[in-house]
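Chains H and L are the protein sequences, given in the same order.
Take 149 as the starting number for the first sequence in this note's numbering and just add one per residue.
Take 149 as the starting number for the second sequence in this note's numbering and just add one per residue.
Since the hints were derived computationally from the structure, they do not count as laboratory data.
Remember, it's a predicted structure, so these values are computed and weren't measured experimentally.
Keep in mind that the hints are not guaranteed to be accurate.
Given that identical chains are not distinguished, each listed pair holds provided it fits within a single copy or across any two copies.
Taking lysine-lysine pairs in the DSSO-like style, the calculated list, with each CA pair at most 30 Å apart, reads [stated by the list, open to error]: (1) K272 <-> K343; (2) K163 <-> K272; (3) K272 <-> K243; (4) K343 <-> K330; (5) K295 <-> K343; (6) K272 <-> K295; (7) K163 <-> K295; (8) K163 <-> K393; (9) K330 <-> K163; (10) K163 <-> K343; (11) K330 <-> K393.
There are 2 protein chains.
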Amino acid sequence: MRHILLWMARNGWLKEHLPRLPFARRAVRRFMPGETAEEALAAAEPFRTHGIGLLFTRLGENLSDLSQAQAIADHYHGLIDEIASRGLDGEISVKLTQLGLDLDPDATLAHGAALSEHAARSGKTFWIDMEGSAYTEATVAMYERLKAEHANVGLCLQAYLRRTPADLHRLLPLHPAIRLVKGAYDEHAAVAFRKRSEVDGAYQSLAVLMLPQAAAGELRLGLGTHDLALVDRIAEYATTAGFPKTCFEVQMLYGIRARDQVRLATSGYRVRDLISYGEAWYAWYLRRLAERPANVAFALRQLFG
Amino acid sequence: MRHILLWMARNGWLKEHLPRLPFARRAVRRFMPGETAEEALAAAEPFRTHGIGLLFTRLGENLSDLSQAQAIADHYHGLIDEIASRGLDGEISVKLTQLGLDLDPDATLAHGAALSEHAARSGKTFWIDMEGSAYTEATVAMYERLKAEHANVGLCLQAYLRRTPADLHRLLPLHPAIRLVKGAYDEHAAVAFRKRSEVDGAYQSLAVLMLPQAAAGELRLGLGTHDLALVDRIAEYATTAGFPKTCFEVQMLYGIRARDQVRLATSGYRVRDLISYGEAWYAWYLRRLAERPANVAFALRQLFG
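The following block holds chain H by itself, in its conformation from the complex (with noise of 0.2 Å):
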């Protein structure tokens, strides 16, 4: 199921034509609000009663020119003071391919620089996602860079990749904000772990291992899973260790156990819904998809009833 749904994503014919299905844009709105910036803006409103933080998501495409990365990052420096006039706890995360990191990682470099500047007048965080594996050795030197010059920068790690290890024991000394997810890719053995016991042991260890240091204010750690099961262990570790609630962040996507998003902030611990929006959403909804039965299911009942 899991690699038919990533067959689809990838495929170019249903890209184009499913999209345009009525139940298709009905099941899409459980995850996405909207396609605007403006819709999302409206859909984190209600956040704000729970403590809930925000961090918004444009989702692209390739781009074909440069001119289209300059475009994005007026749309999320747009984005930074939309956020900062409304006085919202939010974030922005950007993939760097949509910075041009195909055509010129200088300027995409120089976007990302400006991105976390305007980020930091307003004491936010600016997020770098992570993208398939042929990206990640770019997306993490690109980090270095960044997080050189600006202390307000945060990276996206996938714990299901082999390479993860060294890529955060390279980062660590460098006090990191780390969002670490399990990974939603159709990637090779070689290069990921597959079986869901490997990827929950790597993520269970890497966010273990990245406690103590959380814990005293040199890194910022990121729990981008909807596996309350994992969430609770970590949960567990901390507090017999003797760290605090507020050592790491619950991050969950927008629609996704929305009542355990409010159930985890009431009892004390800090969580941050991730809103994504735009038009192009056909293959960010299908790895969604891909990652958790339920979801499937959910859409299906869209489809037929």
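Please build the complex by placing chain L on the supplied structure of chain H, with the hints as guidance.
Then chain L, alone, in the frame of chain H:
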């Protein structure tokens, strides 16, 4: 099955009668070369060729008076001398109840201090074994006191105990020697994880957390498990993070995964084989059977064929 075996381990009548049956004595030979120190030392010889170290422990019953603790301490002093005179890479591991923990903690501390000092003269670590959860706090506290005076003391920690992260973080500043095991006693769910995935996740996390300090030479880490998949994951983490193969030691029981012990040693890992001996093997043997279904199958083959 596991619970039946652990119940059998505690049952007084069975404890009296089962060990007398000839098939039981035959079956236990798989894990125990004999009942005397001489037999244990003789069994150690073949391990030299492969560069595999040894850890000796004498199986014991609860003590009824302190003179027995003195006799046991004397026995281990003799063993330390014997190991040194044979030039074996051998260390000893002792349960604190065998040194009188139930009867007189100060006497136990004195025995532990004397054995640590004696082991230090031949450059060896004196290992403290871990027992059921009723003894955990007293054992960790005794370890702290011994470790403050003697650099060469090691402690066994059990990953299945919910309290272990607290114990570990309490000991990390002391630059401890830790032998990490999953845990083999029949503990309550309030005290210990009972699901295999939870125990494995805890084990991997605790081990990975110790790796950086172990690689820096500030901690000695023994992985006391026969779970090769788990050892592989921890080894892969270490390699990927750039830590040397020698930053941990794999510790397995005599007679279990003998070929894997040799294979690991040959491929550059540090390996230590644990040889238990003595007359009081009944409860110990049943805990070994409870750990692995494969061990039970072996015991049944001894019985019926």
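Broken hints, numbered, in rising order? Result: hints 1, 2, 5, 7 and 8 break, sorted rising.
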